[in-house]
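Enquirer: Residues per chain, in single letters:
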Amino acid sequence: MTRILLSDKLDNCVARWRKAGLTVIGPVKKETFSSYAAVEKAADVKKETFSSYAAVEKAADFNFEMVMPDRSIKELFFPQTEPMMGYTIKKQDIATEDFKPPAEKRVIFGARPCDASGLAIDDPLFGWDYKDNFWFQRRDETVIVTIACTKSDDFCMCTSLKLAPDSTKGSDVLLRPLQNGKGWQVEELTDRGREAFKEIADQLQDGSEPAAPTAVVAEKFDLDACISWLKNPENFDSTFWKEISMRCIGCGSCTFLCPTCHCFDFQDEGDTYSGIRRKNWDSCSFSLFTMHTSGHNPRSTQSARWRQRIMHKFNYFPGKFTANSCSGCGRCSRQCPVDMGITETLQEISTLKP
Amino acid sequence: MTTQEQYKKRVKELLSNGTVKMVIGYKAGTTADRRRPLFVRTPEEADKLVLDSACIANLSGYLVTEGLLSDEKRVGIFLRPDGIRSINILAAEAQLNADQIVILGFDIVGQEVTALSGEKATDFSELIGSIKEKAPEAPQNPQLEQLEKMTPKERFAFWQAEFSRCIKCYACRQACPMCYCRRCIVDSNQPQWVNTSSHTLGNFEWNIVRAFHLSGRCVGCGNCDRACPVNIPLRLINAKMAQEVLGAFDHFSGMSETQEPVLASFKKDDSETFIL
Amino acid sequence: MSEPFEPNIVAFVCTYCTYAGADLAGTSRLKYAPNVRIVRLPCTGRISPMFILKALQKGADGVLVSGCHPGDCHFTHGNYHARRRWTVFRALLEFTGIPLERVKFSWISAAEGAKFADFMNSVTEDIRKLGPFDQYKELIRETEAPATL
Amino acid sequence: MQGAHNNIYKPAIMKIVDRHDEAPGVRTLKLEFQNPADHELFKQNYRTGMFGLYGVYGEGESTFCVASPETRKDYIECTFRQSGRVTSALASADIGDLITYRGPYGNRFPIENFYGKNLIFVSGGIALPPTRSVIWSCLDQREKFGKITIVYGARTVADLVYKHELEEWEKRDDVDLVLTVDPGGESPDWKHRVGFVPTVLEQAAPSPDNCIAVICGPPIMIKFTLISLKKLGFEESNVYTTLENRMKCGVGKCGRCNVGSVYVCKEGPVFTAAEVSKMPQADL
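Just so you know, the sequences run in chain order W, S, Y and X. The first sequence begins at 1 in this note's numbering and counts up one residue at a time. The second sequence begins at 1 in this note's numbering and counts up one residue at a time. The third sequence begins at 1 in this note's numbering and counts up one residue at a time. The fourth sequence begins at 1 in this note's numbering and counts up one residue at a time.
Since the hints were made in silico from the structure, they are not lab data. Ideal Cβ placement from N, Cα and C applies to all residues, glycine included. Fair warning: there could be bad hints in the mix.
Label pairs and their computed distance ranges (CB to CB) [claimed, not checked]:
no., chain 1, residue 1, chain 2, residue 2, range
1, W, K182, Y, P146, 35 to 43 Å
2, W, A103, X, Q281, 27 to 35 Å
3, Y, D118, S, A135, 51 to 59 Å
4, X, K43, W, D93, 58 to 66 Å
5, S, A135, X, S88, 18 to 26 Å
6, W, A103, X, E32, 33 to 41 Å
7, X, Q281, W, K320, 19 to 27 Å
8, Y, P146, S, T114, 52 to 60 Å
9, S, P191, W, G181, 54 to 62 Å
10, Y, G26, W, T88, 30 to 38 Å
Construct the complete structure from the given sequences, taking the supplied hints into account.
Expert: Have a look at this one:
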């Protein structure tokens, strides 16, 4: 006997959480104009969709069909742009106003395990000696309810990262979809999760319906072989890096969609009288990322930047924070305009001798 | 023998007799409908080449990678008509010497790949001329007409919603063969013309600046549109600007290597319907 | 009745014609609306669409760009280039939904002091009727607001 | 414990109390804290070798070292070359204007390990400020150290920074100052050496035993100076340097200052030559 949440009870749960003052967020897919190839008739225009984790008001807004939203859960904790402080300057006096993340509590219903583990991977960095409260205030106020995957696509690689379609890393409650597709088995993992589900306890029931089998995700590469190759200092200057990244065009979409990429930049917007200092996403694949004002750039070629991305995720980050900075969601490969990504690079590395 | 096999043989010839030092083409991608850019330098690598109806990306942007053409050696490249027009513009804007480019022209009609005869950019000028003639009646995006019927307020609201999703990853810029500036205007901070943060205002300004700098230079290859991770219909803006530039100045981008850039030239009798 | 809406208008003008026209309007004691802030530039060829975007970004309700009539340009063809640039940029503004009545282009020579004054008044009235550029101001407010999610 | 929402990126406000030009485009600002609490924090944390982020609201922040020594914590001095958006704003700021400051960040020169040893300071051009901070920290407790030699060079005479302090050091009998300018940079009445810093260093030929070297300069100068020091017999673990990478947050989050696996802003900027040689040289 396990605790079951049926899909048709989800509306009550959402309403209950919202009444309790929590913002309910979940995977949402929307349609937009397609501007794909010019076509004769409006009818056969391919609709473009975009998906992300967004606020929902009722159960129908959720979309649990997709393997995962295009945009990762990171945005809800580390927004692409965020005001940090406003300033007004009068004659030799500066008045500043602090911007704080919204104080409201949230529940993310329907996150994917690879997204949730991405957050857990980044916690140690944002707390390394100096605590980044823009991140932690949101982390502390948000309950993460993950749904185990029963489907995967060619780009998923969580198993290659020693995670799984039903891993519990970073989540407060794990839901396993039922075989009959009518609900989920509830597995409460943390106090925060139990407390959030206490709020909707009357919507749950005991049942013995079997859970659907979790998705099958083939292992794409031998991670340990790759890490030992990366740790070998001679391979830093190997020509492999130039070959594998020749087609990289240096855009930031792989880093911006990645649930674990956390690099950022400060930008002042305003004039000499008033304005705001903002914290914005930045990407190691941009040429200006390490450009010195003198013009010297330690990473001046795209291959050096791609090497930095792989080295940081699988060599430097684990060296300091034990976990690899990758949760295997595959968004970098799924989204790359030139069909590159971590999967291909690590598959190639695992064929090289250390 | 399919067009793909024909071209494979041709690439092996070009490489083995040293006419070109490299051929840029397509190879199979992670999934059935994806193709990856491939840089072929030895005849053996040519076997990985693929040429079918999924090879739609415009590869001409790779020709302006730093140092690729600086050794005066020739480079082969698979291009559709839009890519050939890009070569003409890049040559007209003194970014490359068209004689260094050996074009392996092809086009996709429905699911079929047809080879285009010609090797140098100038060999394709009447083909591009015919495309220009057909441009006004070419099937437009139904969305373009729908957008034009909207009132300015509705259009502003539409683009406000679309641009609010932009995350300033600049994939649209990096995927475009015409965006070769070493330091883009949004990256220059003295002065900071355009807000770099990706709030809706910053995204609005970025997309306006991008569309303006591509007016009369965009060939409608759709690289930007496909590269956008949040699926903003970028091609609509560029298609509209191409229509505008063709209508106002009879400028069809990429006609030849000597075509003057539309905003760097003028005619004394340019139309001026709106100047008070 | 609340006092009438006073629009903020920015004008980018070329030194040798329109700015001189403004001088002439001044020396001829012509009265015109004070709402227009004039930014002087060497030539309309030097006026980049970035200026127009920056004016809107800073909350202008209207933008004027004015310079020498074709043929009069001190630098011979600055205004010809500008004309093409304006045509293209204007189509772009229209397509993205920025009302064209808020961005006006004109030729005003150094001798047309009266035209300058009338133009200032007519533009100020037009934009006063249109009211504040709320759509853009909403975007500007969003950049000053705390994060929502 | 940090407050509920303690914003680690919030800068302190500082007033410019003095400013003077060191060389064409190079300026020094003397700053004083406006908020005593910030000043207290600075007094507790600051040790020579640490850096800060100096900024002007509306323009941004820029990273350079704290040029004043750890023995004088009532104020902060910073020296910078006007070359970008923020440094131009800092350069145009007047005495009495307010700027922002974040820090002190990074590790430090362990001068307690230098007690009783001879010291050789080698730096070039605009890199004298980080070295000067260490020099004054030692000179303010001169008796604790052995022989002190300073080798400093710049492209031309006008490019020499802290000219008045160079004269001061020259007059002192307990400091051996070796000044040089690159060939062709000397002025008619130039009395000191002419030549690149590494070659002048080899001529000065300091003995390596019981000696610590502190070197700062552009990457190219550091590379050749390290070679000269090795030729002179210096152990790599006795040679300290500071890496001035591009840094933005200063607290090990924004991912920019990585050299190999090292976060320069948290685990540096001060490293021994031994540590630097282990880093991937291409990333420097």
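Enquirer: Identify every previously stated hint that the structure contradicts and give their numbers, smallest first.
Expert: 2, 3, 4, 5
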